[in-house]
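Residues per chain are reported as follows:
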Amino acid sequence: MASGKVENRVRELRASGPGMTQQALAEAVGVSRQTIIAIEQGRYSPSLEVALKIAAAFGEPVEWVFWLGV
Amino acid sequence: MSDLSFHEKSAWGTLLATWLIGILYFNSAWDMWQAGQLHPASNFGLAAGLTALLVAVLVAYHMLIAVTAKPEDEDERDRSISRRAGSIGGAILTVGVIGIVFQILIGGMLGDPVAGSPILIANALMAVVFIATIVELSLTLYFYRKGL
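Protein chains in written order, with the numbering used here: chain A, 540 to 609; chain B, 111 to 258.
Have a look at the derived ranges for each label pair, beta carbon to beta carbon:
1) Leu591/A / Leu174/B: 29 to 39 Å
2) Gly217/B / Val545/A: 44 to 54 Å
3) Leu591/A / Met142/B: 53 to 63 Å
4) Leu160/B / Gly598/A: 49 to 59 Å
5) Glu602/A / Val245/B: 36 to 46 Å
6) Glu602/A / Ala201/B: 33 to 43 Å
Hints listed in this document are in silico derivations from the structure and should not be mistaken for laboratory results.
Just so you know, even glycine gets a beta-carbon here, dropped at the ideal spot from N, CA and C.
Use the sequences and the hints to build the structure in full.
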């Protein structure tokens, strides 16, 4: 049974490969850097639109980047 | 302050300024009331003067933070926080205003002269607006720090 809390691997994906700053990801997605920080720390669950944009920025499927915690 | 967004800095400054000027207003109004000097004209002067001071302080503060950090457009998180804090602040305002209306009507039916005092009604409404604003801004900051 899922806990209902949305978890993510945004920080991990950002740090992998060539790396991407929070600011660069924020600009790519159209949110503030503080919103990216809040998403990485699990303090904010983004809308579907922003989740899809973040997944697209990493070239990954959205369900790989975000999932419901157990 | 560097990890705070423009909107969070704005909420901090607005909370602090509203709190300080609100306390100054209610302290002064209370002192004038005790001295028998709180009349509609003097109350209006006090309220108008401190409102102008609050506006001037907030304009100066926002100019300062706009110089140190570029103002950003609201994103979806800012809007969610603003909506949630605003709805709670709005509920407090509604309950407070309805409470004052009932106080006036019931006091009037019972012949309570205090219930019809414009000074008391005005200051009770000011207190409700003050409390609702403080709660809304405090919740805004709480949601920014702890999450929605």
